[in-house]
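Visitor: One-letter residues, chain by chain:
Protein chains: 2
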Amino acid sequence: MSDAVSPLAQPFPAIPPIAGVTLRVARAGYKDCGRCDLTYVELAEGTAVAGVFTRNVCCSSEVELGRANVAQGRARALVVNAGNSNAFTGYRGREAVDAIMAQVAAHLGCATEQVFVSSTGVIGVPLPKDKAEAGVRAALVTEPCDWEEAANTIGTTDTFAKGALATAIVDSRKVTLGAIIKGSGMIAPDMATMLGYVFTDCAVAPVFLQELLSAANTRTFSCITVDSDTSTSDTVLAFATGKAGNAVLTGFDSPGADAFAAALNDVCMQLAHLVVRDGEGAQKFIAVQVTGAVSDKSARTVGLAVANSPLVKTAIAGEDANWGRVVMAVGKAGEPADRDKLSIGFGGAWAARDGLPLADYDEAPVAAHLKGREVEIQVDLGLGEGRATVWTCDLTHGYISINADYRS
Amino acid sequence: MSDAVSPLAQPFPAIPPIAGVTLRVARAGYKDCGRCDLTYVELAEGTAVAGVFTRNVCCSSEVELGRANVAQGRARALVVNAGNSNAFTGYRGREAVDAIMAQVAAHLGCATEQVFVSSTGVIGVPLPKDKAEAGVRAALVTEPCDWEEAANTIGTTDTFAKGALATAIVDSRKVTLGAIIKGSGMIAPDMATMLGYVFTDCAVAPVFLQELLSAANTRTFSCITVDSDTSTSDTVLAFATGKAGNAVLTGFDSPGADAFAAALNDVCMQLAHLVVRDGEGAQKFIAVQVTGAVSDKSARTVGLAVANSPLVKTAIAGEDANWGRVVMAVGKAGEPADRDKLSIGFGGAWAARDGLPLADYDEAPVAAHLKGREVEIQVDLGLGEGRATVWTCDLTHGYISINADYRS
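First to last, the protein sequences are chains E and C.
For the first sequence, our numbering assigns the number 1 to the initial residue and increments by one for each residue that follows.
For the second sequence, our numbering assigns the number 1 to the initial residue and increments by one for each residue that follows.
Bound conformation, chain E alone (with noise of 0.2 Å):
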C-alpha cells in the first residue's frame, strides 16, 4: 500500500463474518516490503462460484485457468498472490499456478479445478513456486484475518482498503454480500490489475451466478476507466457459499431472487467506484451521464469515449468546463451522434442544446460544481432512449508521475 492516500478515499466498511468463507492472510516474500502477500480464502463444500475475465488476449495463465475451472460451478478456495502478474511468463508461469492448486486440493481434499488463483503485480516474472508453496503452507495454519486486512493483502499499489457490503432478503433470510477489491494504483514496472471479490452466503446455482455476475459486471466494472489500458490480469470472482439456508436460487423465478440480484449489483457498484477513487493521480471523480443514445450499448461508447479522453480529462483536472472538448469525444466514438441535435452540460446545467451553445449560459453554478470532488458531465445526444453512466477520474501531473518518473 501507498503512503499517500487518494483525496477521494473511502473508508472500509464494517463487513461482518460471512458463513462458510475463512480468510487468512500470510507473507510469501514476492516483494521485500516485509508485509503480507498471499491471501487464501477457505471455502464450504458446495460453494458456487461465477467469474469474469479480463478480454486481453495476452492474459495470464491464472485467467485461463479461472476462465476454464469456473465452468464446472463449485469453489472451496481462492488464493490470490500481490507482487507478480504471473503474466507473460509462458509454461513456468502456468506450472507455478498448478502447483498452488494441487497444494491446495490436497489439503482440502478438493478437485484442484475447485481451487482459484490470481496474482497481480509484476509482469514477465514467473510466480517464484518455492516462495509461493512456503506462503501457502503459511496461510493454511495461521489464524483467521478480518476483511479489511484481507483487501490490504490483495493490493499493490492501491493507496487505500476497498471493501464493499450489502444484504438482501432472500426466502426470508437475510443474506450478506462481502466483497474486496485492488487496482488502479500502478508504479512502473508493475501493471494496472483490478482483482475483485464478492463473498455470499446466499445459496445460488452457478449458472444463475454466472447470469447475475456478467449482468452486473455490464453495468459496473464494464462502465469505469481510468486510463484506457486493459489489464491482463483483471479478474472479478463470485463466491456463494449457501450457509444462510435458503432455498437455492436457480432463476429470477426464485424467490428473493431480484432482491440478491440488486445487492450483487450494488456491491459491485461500490467496488467499481472504489477502482476509480484510487486511480492513478486521480483528483476527481467524474461521472458520464449519456443519455439519448440509440441504444444503451451505444450510450455506454459514447460514455467511454469521453472518459477515456485525454483531452476531456485534463480539463476536468483544470476545472475548464470545456464542452468542446466533450463534443469531440462524442464525435469520435463511432456511434450514431447528429452534431445538431447534442447537448452538453456539467452537474446538471446544460452548456450547450441542440448543437449550440446557450445563449444565457451562465458559467458560475459550472464554475463552482467544477471545483467540486465529484463532477458530472451530462451527455444528450437527442437521437433515442439509450442511456449509461461510465465512472472514471481526472488525468493530473499525479499519473504522470506515477508512470513516468520513477524508473524500474
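Among the clues, some could well be false.
Stated by the list, open to error - Partner residues aside, some chain E positions facing chain C, computed with beta carbon under 8 Å: (1) CYS58; (2) GLY355; (3) HIS369; (4) ASN403.
What the hints assert, rightly or not - Away from chain C, derived, C-beta distances all over 12 Å, residues of chain E: (5) ALA14; (6) ALA19; (7) THR22; (8) GLY29; (9) ARG74; (10) GLY90; (11) HIS107; (12) CYS110; (13) GLU133; (14) VAL248; (15) ALA262; (16) ASN265; (17) GLY292; (18) LYS297; (19) ALA329.
It is worth saying that the hints were derived from the structure and are not from the lab.
Backbone N, C-alpha and C define an ideal beta-carbon position, used for all residues, glycine too.
Knowing the structure of chain E, use the given hints to seat chain C on it.
Guide: Here is chain C on its own, set in the frame of chain E:
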C-alpha cells in the same frame, strides 16, 4: 506560435515557388495576438483537388462543405482561418463559410464550390463574418508570401512551422510537391486540429489524385497519434495545378504515376511526422513497428493500441524499457494475437521472444536507445505477413500542463 519550440522540431525546408500556386497572408483579427491569421492560396484554373477529412461526426461546416465540394474535382482557392475552428456553431458558422466562399468566388469569377475553406482554433464560437470578410479582402490585394510564412499563419499553438518538399520525374518533366501542415499544439479551450495542404504543379486527374491521396493517408496521417483524440476539423487537401506540363496522370498506367505517387506519399509522411514532433509536451518521437500480424490493417490497429496506451507512453517518457506494458497494449487491441508467439523489442533488440522474457536479455543497449530523442518499439505477432508502423510521442508533464493547468 508558441515561444517554447519542441525539442523534436525540424528546420523548414526550402520549398521553391510552384507554378499555379500563389500564397498570401493577412490579419483577420480572430485572436488578439497581432499576427497574421488568415491564409489565402490562389490556384490556377483547372487545378485538380482531392481531400481526406476527419471522421468525427461532430465535424465543422468547413469539413462538411469540403467533403461535398471535393467531389467535383476542381479548386481555384483555399482560405484557412486560424484562431477559431467554427465547429459546433450551427447555422451561424455555416453562414460565415458560405460568405467567404461567395466573396472569393466573386473575385475570381469561379464557382463557389471551387473555393475551399478550413478553420482551426476555439470551438463553439461562430466565425465572425465581418472579420473574415475584411481579412479576405486584405489578403486578395496583399503581396504574395513564401511557404514558411504561410505555414506560420495556419498554425495556432504549434511551436514551429512545418513544411515538406518532394520532387519526381513525370513524363520527362520534373514536378514539385510543396506542402504545409499545422497541428498537435493545443491550449484550453482550443482543440487539436490538423490541417495539411499539398500543392504540386503536376497534372493529375482529380479522381486519380483522390485515389493517391487516400492511399497515402492510410499509411501516413492515419498512422500517427498524439493523444487518441480525433479533431472535429482534421483536413488534408491536395491541389495539382498541372503547370509542369506533363501529360495528365489518370491512373497507374500513366508514365510517371508511380514516381508521383511515391513523392506524394513522401510529403504526406514528412508532414505526418512533423505533427508528431510538435505533439503536446513531446520529448521523444516514437515509431511502433508491428510485424507478423494477420493483415496490414490488423497490424495498424495493434500499433495504434500501443501508441495510444498512456502506460506505454509514460514508460517511454521515463526511459523505462517496460515491455510488459507493450504486451498489455497488444492484448487489449482486440486483434488476433497469440501470447506465446509474441515478441517485443526496443531499438532492434528483443526483450521478449515467443512469449517469454529473453534469458540473456542485455538491458544496456536498450537503455541507451531509450535515452535518445527517437525511440523504436518492435512488436512481432508471429502470425502472418501483416505489417504497419505507427508514430507517436511520449506522454509527459508537458501534456498535462498544456491541457490542464491553464484555464480557458
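Visitor: Hint by hint, say whether it matches the structure.
Guide: Hints, one by one, checked against the model:
1. CYS58: Constraint on CYS58/E satisfied, holds at 3 Å.
2. GLY355: holds (5 Å)
3. HIS369: violated (15 Å)
4. ASN403: holds (4 Å)
5. ALA14: holds (35 Å)
6. ALA19: holds (38 Å)
7. THR22: For THR22/E, whose nearest Cβ neighbour in chain C is about 34 Å away, the distance exceeds 12 Å, so it holds.
8. GLY29: Holds, since 21 Å exceeds 12 Å.
9. ARG74: The claim stands: ARG74/E keeps its Cβ more than 12 Å from every Cβ of chain C (closest is about 28 Å).
10. GLY90: violated (5 Å)
11. HIS107: Given a closest Cβ separation of 31 Å, the condition holds.
12. CYS110: holds (29 Å)
13. GLU133: Correct as stated: the minimum Cβ-Cβ distance to chain C is 22 Å, above 12 Å.
14. VAL248: Per Cβ check, VAL248/E is outside 12 Å of chain C; nearest 37 Å; holds.
15. ALA262: holds (31 Å)
16. ASN265: holds (25 Å)
17. GLY292: holds (14 Å)
18. LYS297: holds (16 Å)
19. ALA329: Not fine: 7 Å to the nearest Cβ puts ALA329/E too close to chain C.
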